[in-house]
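Kindly produce the complete structure, drawing on both the sequences and the hints.
Protein chains: 2
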Amino acid sequence: MSTKIDHTHDPRAQSWVSSANEPGAEFPIQNLPLGVFSSGGESAGRIGAAIGDQILDLTAALDGGLLPGLESQAAALHSDSLNLLMSHGASARLALRRAIFELLHVSNANVVSAARCLVPMSSARMHLPARVGDFTDFFTSIHHARRTGELSRPDVPVAPNFRNMPIGYHGRASSVVVSGTPCVRPRGQTGASAAAGQGYVPSQWLDFELEVGCFVGLGNSLGTTISIDDAESHMFGLCLVNDWSARDIQIWESYPLGPFLAKSFMTSVSPWVVTLDALAPFRVAAPTRGEDEPALPEGLTSPTHAAHGGISIALQVLLQTQAMRENGMEPVVLSQPRFEDQYWTLTQMLTHQTSNGCNLRTGDLLSSGTVSGPERENSGCLVELNAGGKEPMRLPSGETRLFLEDGDIIWLRGVCHRDGYRPIGFGECKAQILEEMK
Amino acid sequence: MSTKIDHTHDPRAQSWVSSANEPGAEFPIQNLPLGVFSSGGESAGRIGAAIGDQILDLTAALDGGLLPGLESQAAALHSDSLNLLMSHGASARLALRRAIFELLHVSNANVVSAARCLVPMSSARMHLPARVGDFTDFFTSIHHARRTGELSRPDVPVAPNFRNMPIGYHGRASSVVVSGTPCVRPRGQTGASAAAGQGYVPSQWLDFELEVGCFVGLGNSLGTTISIDDAESHMFGLCLVNDWSARDIQIWESYPLGPFLAKSFMTSVSPWVVTLDALAPFRVAAPTRGEDEPALPEGLTSPTHAAHGGISIALQVLLQTQAMRENGMEPVVLSQPRFEDQYWTLTQMLTHQTSNGCNLRTGDLLSSGTVSGPERENSGCLVELNAGGKEPMRLPSGETRLFLEDGDIIWLRGVCHRDGYRPIGFGECKAQILEEMK
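Protein chains in written order, with the UniProt record's numbering: chain Z, 1 to 438; chain S, 1 to 438.
Some clues are possibly wrong.
If chains are identical, the list can't say which one is meant, so a pair holds when it fits in one copy or spans any two.
[Stated by the list, open to error] Listed next, the in silico SDA-like pairs over lysine to any residue satisfying Cα-Cα at most 25 Å (straight line):
hint, residue 1, residue 2
1, Lys390, Ala74
2, Lys430, Thr224
3, Lys390, Gln320
4, Lys390, Val333
5, Lys430, Ala196
6, Lys4, Pro297
7, Lys4, Gln30
8, Lys430, Asn220
9, Lys390, Ala195
10, Lys430, Ser312
11, Lys4, Ser123
12, Lys430, Glu377
13, Lys4, Leu94
14, Lys4, Ala124
15, Lys430, Leu222
16, Lys4, Arg325
17, Lys4, Thr288
18, Lys430, Ala194
19, Lys4, Ala99
20, Lys430, Ala295
21, Lys430, Pro160
22, Lys4, Val284
If you are wondering where the hints come from, they were derived from the structure by calculation, not from laboratory data.
Dropping the structure here:
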């Protein structure tokens, strides 16, 4: 693995930004995720690091001489996306982390200058962190595969290929948007609309999918592969992904070429990219397999990967309806799956993606597919939680929900915990459902 | 439709570039396709128009004052891709066509200056014509759908959704390359390799797919749709596409999410983009349907589209093996389908793609999927021509071919014909198969 635990993970480390030290803060000094933001009505974004409830403006910090030794990253830090920074590789990323850590640490004597580089999150607008060249969506929860498979093919719910490789499909890159962008209910053809001669109708089965995404750092050339032990040097960092899905459109269109317009109307990502460096303490063993399962194919396993290929993340989906907001009710937790329950790791996904010589480019987004736990109540999408559209959820407001309704807000959240370490969070990936297009 | 027949389609028009006037020339003055080229060892490309066996360097022509009235397109013509030009819309594209036509017409008195802007095709290297943001591959030949469907599900070879909408899937944008780029035989998992515990092996069922692609000109915003009658104002021009396919990988990986690594190792496009203006004389009625077929859904038809939505293109696939080359034998024609035999038009594909609010961006590539004629001998891929891997072709060299072998060269070609008009061609989309990755 390319990342090691060092002093930036010391749980006792505190920042002079006091909000970062509060219990439950998602962005303590041990995290320092990167993103693109603007403030004061600017249209172009600039690069920042999250600390407590503030954003450290990295352009301003660099120009103010507060990030010594990072002169070679000046062009990247003056960019309006993370792509150039991502292309610099793992050692440049770690050098940046360490410089930001020193600047924000309580021992820094230069607090007055550094404080001038802070922008309150509450006054900032977040942008998409990277230009995404290609977006790949995988399908790596065996619990999700089994429960959705049982709906359409109860005899063989998990297809034979599932245990041999991380199944994936190409997603739509143009409609990857940052958290906060509203989700307009899509129109499309469904089996019912086609049978009735109605053509395109508003989707009635609008669903979320809780996923974890990985941004590619260094790419590779067409015709080359990336080995399992080299894969992590091509991974920059992680975010939360909501792969919005119109199930009624999906069921009708997906045979034989897979999901298309059921997904391409929008995919949301959380704005803060949690780097592999920040995640180092939360690495866990890759999933093991039973004796009745096929052995891992050569190329998708190694001793290092087996020991550390997984990442432990406690995930959450929350819902707040229009009625709940009007009655002052807090969002309700719908599901709490764990990322380490996936059958395949992000490292294996990246390796598999290049196994045929396909080239990855800096900024590409690889997403895990729905993260669903072993128990149905910890499923990462409604179509599992409602048993294929048959069992509506009862909400604390007295309402019921089968699929999403206009006005609903969905939040995805994720936090990494480990004994002896400070927890770090991903922030939120949020969107409100708006009524259908006119 | 946005394009009209005008004096640039006059079949009597001749160019002072004599090779453009020869019978069978694919790039007469009535065509003027656009592309990106370099010469003399330059690495960056510049924009040109094809005329006979020459390329008109449009940057040089503009800088030499030979393209009057196009000052507003200066930045686009100085670019290293067609994207900016594509974003200017249909009227700018037509103004450029007319200016190039006047410059290259025999009546031009300024031939000496203009001739200095010519670069022989034989000394130029062609580049990918546009930066492709997203690549969508459709599946719009009912003959291809039926013949491939019969292999896996003889009871219902054409799925019920096929006649209701143009089925498509997201392709891989990073591995779209220009004609001439060699195709390295991909490795991957197959059902047989998985059963034998072998993991990733070289594909043994490597195939081509003859397709016609459309580059998007003007895009649309997320959450908006493009109507069937507005769709052509968002189409810039067409090229040939070879959607290389590893059938053994495809069969194993595609269920349930569709093709992924069986396609993403490479997709080739022809370098010259034939504009919608050049294609205006070759427009034909959109396909009609029998009384036993579902009516066209509202949104995918209009009187204008019904009358002119199709495009007539005579296509060809040619093969030359290593042995044929060594024995001085010409390439053999494998198949000659016609583009107007597709069940759905490119206009319908673009409209359908945005029906859910998905945003198109300038330079996006929409491809038709395999173009196969009603007769099996005019299929656009080997897996149809060889009846699912069961009937090898016998070649004039005495060799047989089931799927592609190392050293094979595949050419795609396309020409538009119509009585009373000068035929125009697409040039070639060519690649040689190289042995597997090491």
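Practice task
Measure nothing new, just compare the shortest in-copy and cross-copy C-alpha distances for Lys4 and Leu94 to 25 Å and report within, between, both or neither.
Solution key: within (10 Å within a copy, 59 Å between copies)
Handout entry: Homomeric proximity label, Lys4 with Pro297: Cα distance no greater than 25 Å
Key = neither (27 Å within a copy, 57 Å between copies)
Handout entry: Lys430 and Glu377: within-copy, between-copy, both or neither at 25 Å Cα
Key = within (21 Å within a copy, 53 Å between copies)
Exercise for the section: With 25 Å as the alpha-carbon cut-off, assign the pair Lys390 and Ala195 to within, between, both or neither. Expected result: within (22 Å within a copy, 37 Å between copies)
Handout entry: Intra- versus inter-subunit Cα pairing at 25 Å for Lys4 with Ala99
Key = within (16 Å within a copy, 62 Å between copies)
Practice task
State whether the alpha carbon distance between Lys430 and Ala196 is at most 25 Å within one copy, between copies, both, or neither.
Solution key: This pair counts as neither: shortest intra-copy Cα distance 35 Å, inter-copy 45 Å.
Problem - Lys430 and Pro160: within-copy, between-copy, both or neither at 25 Å Cα - result: neither (35 Å within a copy, 36 Å between copies)
Practice task
If the cutoff is 25 Å on CA atoms, where do Lys430 and Ser312 land: within, between, both or neither? Let me know, please.
Solution key: within (22 Å within a copy, 48 Å between copies)
Problem - Intra- versus inter-copy proximity for Thr224 and Lys430 (alpha-carbon distance at most 25 Å) - result: between (37 Å within a copy, 21 Å between copies)
Handout entry: Homomeric proximity label, Lys4 with Gln30: Cα distance no greater than 25 Å
Key = within (13 Å within a copy, 63 Å between copies)
Exercise for the section: Please work out whether the CA atoms of Lys430 and Ala295 approach to 25 Å or closer within one copy, between two copies, in both situations, or in neither? Expected result: Answer is neither: 39 Å inside a copy and 40 Å across each miss the 25 Å cutoff.
Problem - Status of Val333 relative to Lys390 across identical chains (alpha carbons, at most 25 Å) - result: within (20 Å within a copy, 55 Å between copies)
Checked against the numbered hints above, the structure violates hints 1, 5, 6, 11, 14, 16, 18, 20 and 21; every other hint is satisfied.
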